[in-house]
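Chemist: If you want the building blocks of each chain, they are given just below.
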Amino acid sequence: MTKVSIHVTLKEGVLDPQGKAIENSLNTLGYEGVHDVRVGKLIEMFIDHGDVETQVKAMCDKLLANPVIENFTYEIEEGVAQ
Amino acid sequence: MKFAVIVFPGSNCDRDMYHAAKDALGAEAELVWYQDAKLEGYDAILIPGGFSYGDYLRCGAIASTSEIVTSLRREAEKGTPILGVCNGFQILVESGLLPGALIRNDQLKFICHFEDLIVKNNETLFTTDYDKDEVIKIPVAHGEGNYYCDDTTLSELKANNQIVFTYKNNPNGSVSDIAGIVNKKGNVLGMMPHPERAAEALLGSDDGLKMFTSMLKNWRDQYATNA
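Quick note, the sequences are listed as chains A and B, same order.
For the working numbering, add 1 to where a residue sits in the first sequence, where the first one is 1.
For the working numbering, add 19 to where a residue sits in the second sequence, where the first one is 1.
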C-alpha cells in the first residue's frame, strides 16, 4: 500500500501567532535559545491506485494547503502495511 | 427582492441573516440548505457566519469544496450580489471568489464586541446608503479574522478601490486594517464584522441595516433599468 505524508507549513512572512505563543512558553520554561517557532500540519493518508504523486499535488492545490498562506511538501512510501 | 441565505452544517448566524433581510429590511428571504445546491432565482445571496464543518482543516475550506459553491461561482459570474459575513467571508476567500486569506487573530483570542468601521468605498451596491468615510458601529465575533494578502494583491485591492471597510482600531492584525473587501466586478463582498447583528437599534446599533437597504435600492434601480 502507498502511504503519503503531507506537511503543510505557513509561508515565510505570514504571521504565526500560535508559533509565537509556543515560543514564548518555551522561553518561559527556560529554553531561552528557542526562536522562530512555526506550527504546521501533518496529514497522513493511504492511496490505493492511480498516479499517487499527481493526485497528491492536485489535492494540496485544491484543498489541503491554501496557496495564499501555505507551502506543502510530501513523502510517498510504497509497500507500507496499514 | 428575494434573498437566499445558504446554510452549511455549522452555520450559526443563518437565522440572524434571515431575520435582517426578512424582518429588519422587509424583503423576501429563504434559508437554503447547502445540499439543495440551487441558487437560481434569487436576487442576492447571503453567506452567514458560524463554524462550517467545525472549521476543520482551515476556516471555510471544506465548505468551499461543496457543490453549492459551484452554483455560487456561476451566480458570481452572472453578477448576482453575494455577501459573505465572517465564516461566509472565509468561505469566499477559500473558494477563490475573493483574494487573500483569513488567519488567526494576532493576539490569538476570539474577539466578540462592537468595532468602529470606516466606510472606505460607498460606491459598491452594498454600501451606497453610507457616506464615504462614515464611521459605523458593527460587532465582530471571530478567532480567525486577521486578513492577509501579499503586497501585490494589496496594491491591486487599493488600486481598484476594493477595500470597502477598514477598522478604526484594528482588533486582529489585518493588513491595512482591512475589515471587508469586494471583488473587482463589485458584486461579491466579504467582511468579518456582522452587519446582520446591527440591523435594529434594539441590538445596540442599526448601522448594519444600510447594507441591506443599499442592496435593495440597487436591485430596484437595476430592475427599473431592465424593465
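What the hints contain is simulated information worked out from the structure, not anything from laboratory work.
Be aware that a few hints might be false.
[What the hints assert, rightly or not] Straight-line distance between alpha carbons at most 16 Å, and here's what the computed EDC-like set of lysine to aspartate or glutamate pairs gives: (1) A:Lys-12 - B:Glu-86; (2) A:Lys-58 - A:Asp-37; (3) A:Lys-63 - B:Asp-170; (4) A:Lys-12 - B:Asp-170; (5) A:Lys-21 - B:Glu-86; (6) B:Lys-128 - A:Asp-17.
Small disclaimer: the values here were computed from a predicted structure and weren't measured.
Chemist: Now tell me, hint by hint, if it's right for this structure.
Modeler: Hint by hint, here is what the structure shows:
Using a Cα cut-off of 16 Å, the hinted pair Lys-12 (chain A) and Glu-86 (chain B) is violated, with the two alpha carbons roughly 29 Å apart. Taking the CA atoms of Lys-58 (chain A) and Asp-37 (chain A), the gap is near 28 Å; set against the 16 Å cutoff, the hint is violated. Distance restraint check for Lys-63 (chain A) and Asp-170 (chain B): the Cα-Cα separation of roughly 23 Å exceeds the 16 Å cut-off, and the hinted pair is therefore not satisfied. Restraint check: the Cα-Cα separation between Lys-12 (chain A) and Asp-170 (chain B) comes to about 14 Å, which is no more than 16 Å; the hinted pair holds.
Between Lys-21 (chain A) and Glu-86 (chain B), the direct Cα distance comes to roughly 37 Å. Violation of the 16 Å bound is thereby established for this hinted pair. Between the alpha carbons of Lys-128 (chain B) and Asp-17 (chain A) the distance comes to roughly 13 Å, so the proposed pair stays at or under 16 Å and holds.
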